[in-house]
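Going line by line, the protein sequences match chains U and F. Counting with the numbering used here, you get residues 118 to 280 for the letters of the first sequence. Counting with the numbering used here, you get residues 3 to 133 for the letters of the second sequence.
What the hints contain is simulated information worked out from the structure, not anything from laboratory work. Mixed in with the good hints, there may be bad ones.
Said to hold, decoys possible - Just the calculated beta-carbon pair ranges, DEER-fashion:
| id | chain 1 | residue 1 | chain 2 | residue 2 | range |
| --- | --- | --- | --- | --- | --- |
| 1 | F | Ser28 | U | Phe147 | 20 to 30 Å |
| 2 | U | Ser228 | F | Ser29 | 40 to 50 Å |
| 3 | F | Ala24 | U | Asp184 | 31 to 41 Å |
| 4 | F | Ala25 | U | Ala260 | 40 to 50 Å |
| 5 | F | Ala24 | U | Thr182 | 15 to 25 Å |
| 6 | F | Gln30 | U | Thr238 | 48 to 58 Å |
| 7 | U | Asn148 | F | Ser28 | 15 to 25 Å |
As the list claims (entries may be wrong) - One side only, chain U facing chain F, incomplete, derived with CB under 8 Å:
| id | residue |
| --- | --- |
| 8 | Thr146 |
| 9 | Phe147 |
| 10 | Thr176 |
| 11 | Thr189 |
| 12 | Gly210 |
| 13 | Val212 |
| 14 | Ser213 |
| 15 | Tyr229 |
All residues carry an ideal CB built from backbone N, CA and C; glycine is no exception.
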Amino acid sequence: MKLFRTIAVGLATAAALLSGNVFAQANPTFNVNLTLTPKCYVNMTATPAHGTVGDVNLTYIAFQTTDEEQATSFAVKCTNSLPYGVAVSPASGTVSGINYALKLVEDSTPSYSDTGDATLTGLVGSSGGKDYSVGVRALKNQAGTCAAPPCSGFSTHTVTVTY
Amino acid sequence: MRGMTRLIALLLAALTTQAAWAATASSQFTVRLTLSNGGKCTGETLSQPAAAVVQVVCGSTGPFVHIEPPPSVAPAAFIGRTFRYPQPTEGFVPMTTESGISVGTPVATVTEFRVVGDSVRDNQFELLISF
Numbered sequence: 118m119k120l121f122r123t124i125a126v127g128l129a130t131a132a133a134l135l136s137g138n139v140f141a142q143a144n145p146t147f148n149v150n151l152t153l154t155p156k157c158y159v160n161m162t163a164t165p166a167h168g169t170v171g172d173v174n175l176t177y178i179a180f181q182t183t184d185e186e187q188a189t190s191f192a193v194k195c196t197n198s199l200p201y202g203v204a205v206s207p208a209s210g211t212v213s214g215i216n217y218a219l220k221l222v223e224d225s226t227p228s229y230s231d232t233g234d235a236t237l238t239g240l241v242g243s244s245g246g247k248d249y250s251v252g253v254r255a256l257k258n259q260a261g262t263c264a265a266p267p268c269s270g271f272s273t274h275t276v277t278v279t280y
Numbered sequence: 003m004r005g006m007t008r009l010i011a012l013l014l015a016a017l018t019t020q021a022a023w024a025a026t027a028s029s030q031f032t033v034r035l036t037l038s039n040g041g042k043c044t045g046e047t048l049s050q051p052a053a054a055v056v057q058v059v060c061g062s063t064g065p066f067v068h069i070e071p072p073p074s075v076a077p078a079a080f081i082g083r084t085f086r087y088p089q090p091t092e093g094f095v096p097m098t099t100e101s102g103i104s105v106g107t108p109v110a111t112v113t114e115f116r117v118v119g120d121s122v123r124d125n126q127f128e129l130l131i132s133f
């Protein structure tokens, strides 16, 4: 028995020497360090088609008997899982004496508000993009201000994504 | 005490990390509004005593009077029309009607309306137009 053990150890030692392998191993490692700077992008798209890209066009007849409503939409692309919020400011405006209000919703179908509701929080980033709509409503039965017809004007609103 | 210090340190670290990530992306759009037909005026002082809705439309062809019954009155009992004429003395040939038919440039406006109903048969009838 002792003879067999001596032979086995001898054969193993010979094999190790022949193959150049030694019993100590060297496994060098290195790290790939990556710093990701998260980003969000806003891409404005327009509806309806007759408007300038991103713009909302309202045609209002003084004292009209129905609310005037139009909308625009945009997409937000963010780093996956990145928390963010979206706001449109100001949430209301006045052009030619006609007051209007904006409503921001997390959908491609617009919704409308009488007083203005244009802030969304607690959103989660998606590289595929997420659609948002801004509905603009001018309430009915407003007189407006128009000293020299025809009268038109505009007001600029800003979409801000905070992340 | 040591645990509290560690907790405060963690909170400060979290706040610092949050502040470091704060960033914004923005874009702008414009809301354009056009008052169609220049403007339209509803004369409440005329409408209330007349029990009718009297409107003056200030369009590109000049003032245009529109008279319609109030919502509580049946349309058949109150019929109003408005015409414009080239010259007030040339007779009553309508040039522009409410429906938009135009023959020439109007220089005057005459408004007529007919009231049908038993309630006004024996009563006085008044019409006031003011520009």
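Status of each hint after checking the structure:
no. : hint                           : result
1   : F:Ser28 / U:Phe147: 20 to 30 Å : violated, 40 Å
2   : U:Ser228 / F:Ser29: 40 to 50 Å : violated, 20 Å
3   : F:Ala24 / U:Asp184: 31 to 41 Å : holds, 38 Å
4   : F:Ala25 / U:Ala260: 40 to 50 Å : holds, 43 Å
5   : F:Ala24 / U:Thr182: 15 to 25 Å : violated, 47 Å
6   : F:Gln30 / U:Thr238: 48 to 58 Å : violated, 21 Å
7   : U:Asn148 / F:Ser28: 15 to 25 Å : violated, 36 Å
8   : Thr146                         : violated, 28 Å
9   : Phe147                         : violated, 26 Å
10  : Thr176                         : holds, 5 Å
11  : Thr189                         : holds, 6 Å
12  : Gly210                         : holds, 6 Å
13  : Val212                         : holds, 4 Å
14  : Ser213                         : holds, 5 Å
15  : Tyr229                         : violated, 13 Å
Checked against the numbered hints listed earlier, the structure breaks hints 1, 2, 5, 6, 7, 8, 9, 15; every other hint is satisfied.
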